[in-house]
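Undergrad: Generate the whole structure from the sequences, applying the supplied hints.
Residue numbers (our numbering), protein chains in the order written: chain H, 126 to 656; chain D, 510 to 776.
Be aware that a few hints might be false.
[Claimed, not checked] Heads up, incomplete: computed chain D residues facing chain H, CB under 7 Å, no partners named:
| # | residue |
| --- | --- |
| 1 | Asn-537 |
| 2 | Phe-568 |
| 3 | Gly-583 |
| 4 | Phe-584 |
| 5 | Pro-631 |
In short, the hints are calculated from the structure, not lab data. Every residue gets a Cβ at the ideal spot worked out from N, C-alpha and C, and that includes glycine.
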Amino acid sequence: MDNIQDSYYELVNLIHNTEQQPQTELHDVFVSFVRRLKNILNFNGIALIRKEVKNTYSLSMHLGFQEALPSDAWLNEMSVVYDWVNKKGGSICLPSALVPDQNDLILALKIYQHDLGILHLITPQDPLDISQHQQICLTYISQQMSRSLLYLQHLRQKEVDLQYEKVHSMGLMLSGVMHELNSPLMSINGYVELLQQELNLEPSTSVDAIDYIQTLGQETRRVLEIVKSMLKYVRKQPLELESFDLNRLISRILNLFDFQLKQQQIQVHLEFQPKTIELVAEQAQIQQVMINLLTNALQACEKSTSANHQIWINTRESATGIYIALRDNAGGIEETDLEDVFAPFFTTKEAEHGTGVGLSLSHKMIVEHGGSIRVWNESEPAGACFEVFLPRREAVIKPDRQTGRDTAQSARILVIDNEPTILKYLDMILKQAGHQIVVADSLETALISMKNQSFDLFVSDFFLDHSNGKVIFEALEVFDTDLRTKMIFLTGAVLNEPFQQFLQDQKLKCLYKPFYAQELLDLIHDRLTVT
Amino acid sequence: MNPLFNIDTLPTLPVIAGQVLERLNNPNSSVQDIAEIILKDQSLSSKILQLVNSAFYGFPKRIGTVSHAISILGFETVRGLVLGVSILDTFKIQEFDLYLFWQHSIQSASLMSFLAEKWNYPRKDEAFTIGLIHDVGKLVFMLKAPEAYQDIWDEASSTRLEKETQTFQLNHADLGAQIASAWNFPANFIQAIQAHHQKPTLPIQQQNLAHMCYFANLLDHFVVQPELLSPAQMSELKQLDFDLAEVNTYVSSIQDEVRDFLKTLAT
Chain H
126 MDNIQDSYYE LVNLIHNTEQ QPQTELHDVF VSFVRRLKNI LNFNGIALIR KEVKNTYSLS
186 MHLGFQEALP SDAWLNEMSV VYDWVNKKGG SICLPSALVP DQNDLILALK IYQHDLGILH
246 LITPQDPLDI SQHQQICLTY ISQQMSRSLL YLQHLRQKEV DLQYEKVHSM GLMLSGVMHE
306 LNSPLMSING YVELLQQELN LEPSTSVDAI DYIQTLGQET RRVLEIVKSM LKYVRKQPLE
366 LESFDLNRLI SRILNLFDFQ LKQQQIQVHL EFQPKTIELV AEQAQIQQVM INLLTNALQA
426 CEKSTSANHQ IWINTRESAT GIYIALRDNA GGIEETDLED VFAPFFTTKE AEHGTGVGLS
486 LSHKMIVEHG GSIRVWNESE PAGACFEVFL PRREAVIKPD RQTGRDTAQS ARILVIDNEP
546 TILKYLDMIL KQAGHQIVVA DSLETALISM KNQSFDLFVS DFFLDHSNGK VIFEALEVFD
606 TDLRTKMIFL TGAVLNEPFQ QFLQDQKLKC LYKPFYAQEL LDLIHDRLTV T
Chain D
510 MNPLFNIDTL PTLPVIAGQV LERLNNPNSS VQDIAEIILK DQSLSSKILQ LVNSAFYGFP
570 KRIGTVSHAI SILGFETVRG LVLGVSILDT FKIQEFDLYL FWQHSIQSAS LMSFLAEKWN
630 YPRKDEAFTI GLIHDVGKLV FMLKAPEAYQ DIWDEASSTR LEKETQTFQL NHADLGAQIA
690 SAWNFPANFI QAIQAHHQKP TLPIQQQNLA HMCYFANLLD HFVVQPELLS PAQMSELKQL
750 DFDLAEVNTY VSSIQDEVRD FLKTLAT
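TA: Laid out in structure tokens, this is it:
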């Protein structure tokens with residue numbers, strides 16, 4: 126469980142770092158104090174500079190402040206002075222270091238021993254003419270502003286804490302459920318694949334049967350993908366970033382919903398700006414988010430009584446990232462429910478229509494991508510609008526996986542798993558790939574097999590009845606000193622810190638369930654070509 | 510009233526300092542107005558420049574002019590410096606070792622800023638000035654009645670106040686207030702000086718300069734010679750809403766700066 130806990134702390138940090146602040150409130154505070162300052166003295170520019178955790182400064186908000194100022198250089202230059210003013214409190218005024226013939230008036234924003242930052246004014250006012258009265262007023266204003274800013278900070282913190290609560294409770298239940306689903310799901314998918322192959326080979330199979338089994342396979346894979354990406358999160362596996370065309374993904378998802386859209390007579394308007402948007406993200410997760418949002422919109426349309434349902438989807442690029450907006454005309458979400466829609470198990474749908482985890486999951490996935498998701502109600506026509514923001518990322522170049530099997534070698538593989546269905550499945554797919562397989566359902570039987578013969582590879586579940594990966598590895602190593610390069614672990618569990626460390630130290634490969642047959646075959650291929 | 514401390518016989522501040530204080534009492538006076546007067550006194554202005562450039566203030570760049578000093582350090586800090594320098598000039602007393610006196614004054618002043626920050630008093634600089642001059646009454650005793658005061662000076666600090674009243678019919682807080690009013694100090698200064706030995710009634714008013722001064726004074730004694738504090742005083746300190754260990758850390762963290770300030774003031 127510790128491991129899960131850790132991943133949530135990481136998530137909280139993530140939320141902390143995403144710039145998801147109530148801009149409007151901060152802006153209101155800023156503007157109202159700018160007005161008050163205007164009563165005290167004349168100035169041409171004003172900037173609110175925030176002190177960051179790492180004792181650096183960043184420009185938070187400004188009016189008439191030189192836009193052309195090279196962003197980091199002047200902040201660095203001023204930071205010594207800012208530090209000093211923050212330490213001393215009050216205000217200072219001196220000839221401007223930034224704008225010729227002007228003066229810098231720097232106010233410390235500090236309250237209850239919190240350094241909140243700096244208010245930097247560019248003023249034509251001669252420092253010599255500043256009166257005592259002005260100086261005292263400035264001190265009071267900066268104190269009141271600090272108070273307001275601190276209050277905003279607390280509000281924001283409260284929001285973050287609330288979100289954290291939501292994510293946390295959902296994560297705990299999810300990891301439990303997913304873990305249970307994991308093994309049976311892998312078997313289902315495996316056997317569906319095998320069945321599909323069988324049916325394809327059988328000439329007497331009807332076209333319908335092939336079609337059915339194909340749909341079954343597709344749908345199973347969809348579930349598998351979800352479980353896979355969820356567990357990846359809980360296991361703190363890094364995102365599998367790839368670069369893809371977001372608009373094409375959306376079009377493809379719409380095809381999946383084609384039947385439903387026609388049936389419900391829903392018109393979908395797509396607005397892609399530009400035509401192709403390259404996104405670097407984990408495609409399975411983004412797909413899941415889009416499916417969740419679309420499903421949500423469809424169900425809202427179904428519930429709404431008005432005719433002529435429409436859904437608008439638009440995507441656009443900004444300097445910092447990509448926005449996806451999905452809006453319907455189904456009347457919108459109750460104002461009182463708006464803040465709850467991302468909470469796990471929150472649903473206004475009837476029991477058969479959803480569990481209420483879809484949106485909370487989407488929220489979590491987007492946050493993991495460093496993005497944010499918001500919802501609000503639109504009027505004219507009334508409907509809900511979801512907006513997803515994903516930050517721009519550097520494209521990752523993934524080494525091209527050799528998919529050709531022509532170099533495939535036949536290997537002697539010992540497969541160890543205590544679940545008979547999985548064991549049988551692994552036996553089958555590996556044999557099909559041309560390997561020689563010996564199976565063992567426990568460490569004891571595995572050791573007996575090893576006494577008599579040698580193997581090129583070992584594939585073992587990380588947790589057998591009474592032993593874990595470390596014990597298994599040490600037991601097998603007695604018989605095979607090259608074990609390190611030959612071992613592949615499989616696991617459906619969440620490995621704790623020491624076990625992960627063990628895998629890392631020994632540079633062992635571990636494949637997380639559920640996985641596709643191809644993934645295992647690829648890994649085996651990799652291992653064989655390495656050795 | 511002891512005729513020795515009659516208002517007419519009290520020492521006067523140097524003329525320039527008097528003028529600075531007078532202008533500072535006018536909220537509309539500008540940086541220029543104050544700088545103008547200070548500049549008339551060569552030694553005062555150079556002393557002030559020395560102080561603002563000392564490690565105590567530690568501004569990252571050199572402060573070259575008095576007006577620059579005012580716009581950076583603020584009116585209030587300059588008032589404190591003018592007062593510190595003038596008081597030191599006025600009370601050049603050979604009979605006493607004033608090092609300890611000034612050390613206590615500067616540390617109390619720093620502790621006033623410390624309390625101002627803790628208790629969110631908006632005018633940290635004002636608190637500092639009051640801390641710096643709160644014991645000015647003692648200097649008048651030393652100047653006017655060095656022999657009689659020597660006996661008191663040698664007493665343990667906890668009984669000094671009573672001894673003062675016995676000997677002179679008034680204590681240094683009262684005398685300090687008198688001289689502060691003779692010197693046209695702002696009313697809150699006078700009140701804080703007068704009350705800095707009066708035990709505040711509970712609840713402590715955190716925005717009250719007199720209460721702050723009382724505790725800053727006590728805290729400095731606590732830091733320097735905790736063993737001399739009476740149990741009653743200790744329990745008062747324990748009522749404060751922060752850890753006393755913090756005070757010790759704070760005072761030891763500023764030791765170098767205090768020494769530098771003292772050195773500049775004394776030369």
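Undergrad: Please go over all the hints and tell whether each is borne out by the structure.
TA: Quick rundown of the hints versus the structure:
| no. | hint | in the structure |
| --- | --- | --- |
| 1 | Asn-537 | holds, 5 Å |
| 2 | Phe-568 | holds, 6 Å |
| 3 | Gly-583 | holds, 5 Å |
| 4 | Phe-584 | holds, 5 Å |
| 5 | Pro-631 | holds, 5 Å |
In this structure, every one of the numbered hints holds.
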